[in-house]
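Visitor: Chains as they are written, first to last, in our numbering: chain D, 1 to 522; chain W, 1 to 174.
Think of the hints as simulated: they come from the structure by calculation, not from any bench.
A partial selection of chain D residues facing chain W, derived with a Cβ cut-off under 8 angstroms:
hint: 1; residue: Gln-195
hint: 2; residue: Leu-354
hint: 3; residue: Asp-375
The beta carbon of each residue, even a glycine, is placed where N, CA and C say it ideally should be.
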Amino acid sequence: MVAKFDLNDDSVVVIIGTGAGGGVLANELAQKGVKVVALEAGGRYLPEDYVNDEWESFTQLAWLDARTTSGTWRVAKDFSGLPAWIVKAVGGTTTHWAGASIRFQDHEWKALTTYGAVEGASLLDWPIDAAEMAPWYDKAETKLGVTRTGDRAGLPGNNNYLVFEKGAKALGYKEVHTGRMAINSTDYDGRMACQQTGFCFQGCKWGAKWSAAYTDIPAGEATGNLEVRERSHAARILHDDTGKVTGVEYFDKDGNLQMQKARIVCVAGNTFESPRLLLNSASSMFPNGLANSSDQVGRNYMRHTTGSVYAIFDKPVRMWRGTTMAGIVQDEARHDPSRGFVGGYELETLSLGLPFMAAFLNPGGWGRSFTTALDHYENMAGMWIVGEDMPQATNRVTLSETKDQYGLPVANVHFDDHPNDVAMRNHAYKQGVAIYEAVGATRAFPTPPYPSTHNLGTNRMSERPEDGVCNKWGQTHDIANLFISDGSQFTTGAAENPTLTIVALAIRQADHIAKEMAAGTI
Amino acid sequence: MTKHDLRGLTRRQLLSRSLSAAGALAITGAGFIAAPNAAWAVEVTAITPEQMATLLQMARDIYPHDQVPDQYYAVAVKGYDSEDMKAMVAEGVAALDSAAQAAGHANYVSVGWEEDRVKLLQAMETTPFFQTIRSGLVTGLYNQKEVWPIFGYQGESFSQGGYIERGFNDIDWL
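Extracted from the complex, chain D is given alone in its bound form (with noise of 0.2 angstroms):
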């Protein structure tokens, strides 16, 4: 049942990665009945593979190629060769991701309107916005089963969820509850509930959260119409002298260079490896890389401004118990700029267990003030901080001198924090302070950044060709035949956990696809 396209089959869409993208993509388009070849990186693993226990399921599943680093970000001197935590799987970091799908506020999709231009800071409305998105939403939230959303019931609150929970409110803040998941509150879609076991980031073992590995993934190979290659890096995407692209090369599991011809090219290799692809396949024809006339490719990248509170309370917590990330404090999402930034943040329950807690609590640190924290690891409860960060045409990916293992240049990630995201984050971390002590905390921990999880902005929609790299399909503004289809896309970041919003351009995309291709236009 599983296609097998041919190598010279010019009539295929070729996508390169199948996370939240690129994964969603090739099913919706499979479903529609379009030929699809995707070329994923990693190897496929299933529920059954994934292992509860944390560094073990990093060395599984985690992005480990090489990648260099700049910039005065603290992620580029504590882990200076791994700007991201990310996954190289079939299903991309929808292994790995905890399940938080919330929608941008209206107001995200026209930031520049909104906040006015802020300096320093490459801001830009979105070419669409909140009404247009909203039925994609309806189907994104419908395809995840997302709790709290449709008449799906939240999640039962956990352990780290009640300590948040009482600290929130007793701060004064309303909406707060446990997250609108994509993690089952009962069985839904042939997948059962959450059991409560903790390792959401290491891949859930019993399937009920969402992630397109098991879902999409097999859907789409499942309609006749979808080929995944795993272990198949794509190294060069290829055009003809008219400018359209015609295929993709790629270094299949052998190591062989394979070229395998496309009618249009979808990337989703994330907001890394997306516009690193598109820069090495420079060519005489576009010598600064594809769909770069506007010399946006790579640039405006953004991460999110995270940070982590940690707090240690007299009795035990055990938060590890239970689902990562279901608890979320929305209040201070709000654009609201008395607090003395622009945009907003959401604060959102998590747990580490006890190897990455003594990996990411304070990287480096050492002596009785950082393992007196760690003694009281059974007492901790922890929250993570997700807020909107500025983008910035500094803030950027570029080829690195450093080569991968086929000789490649690697990703550089170059980022600063703006002065925006130091005001926000400042803000975010005294509030998550303060709701752990209106509980009765001990001791508090304000932790930086982690690897980045959201990244996005590097091959940017724009209205204007000269701002961006895509149009509001995600169609290349130079390439009409190419599409961006992950997170790179992202005009701004918004305050939001981002998945939920991939999986609904995605959906869209599949739409204008193939309503194109039917129409002849591409």
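Starting from the known structure of chain D, fit chain W onto it as the hints suggest.
Guide: Just chain W now, with coordinates in the frame of chain D:
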């Protein structure tokens, strides 16, 4: 326990013995360091017992957890007993000992107070030797499953059906 008694035991046997009380280290012979109560021992082949004892004290001073017995720190630094590492260890331990001597002590392990040893470590915090030992401990110490219960961490729960009926929301003091 004599050196002869320990001969022939595998590393795992040496290190897996239960400890009721940790104590100061004893250099028991040419190839071993052991707890004074002989509850465990580490065999060394490439580096000296004195160097291993220094690494062990250094590990305790970098990530001090008074409730964690020495044997887990020994496991965490055992990997430095190798041909590849012995030059780095010899140089690093020598630097630490000479810093201790400059401060009026016989060597690093004879400095009586942790805060005085920490001062010596702070002075070498940016050296590759210190950073190698410290960063190695992050996984070498905290990723030992046997250590987790000491911190109350329960590890995986999938094999027991998760916590849905085992206390995911059992907090009773709020």
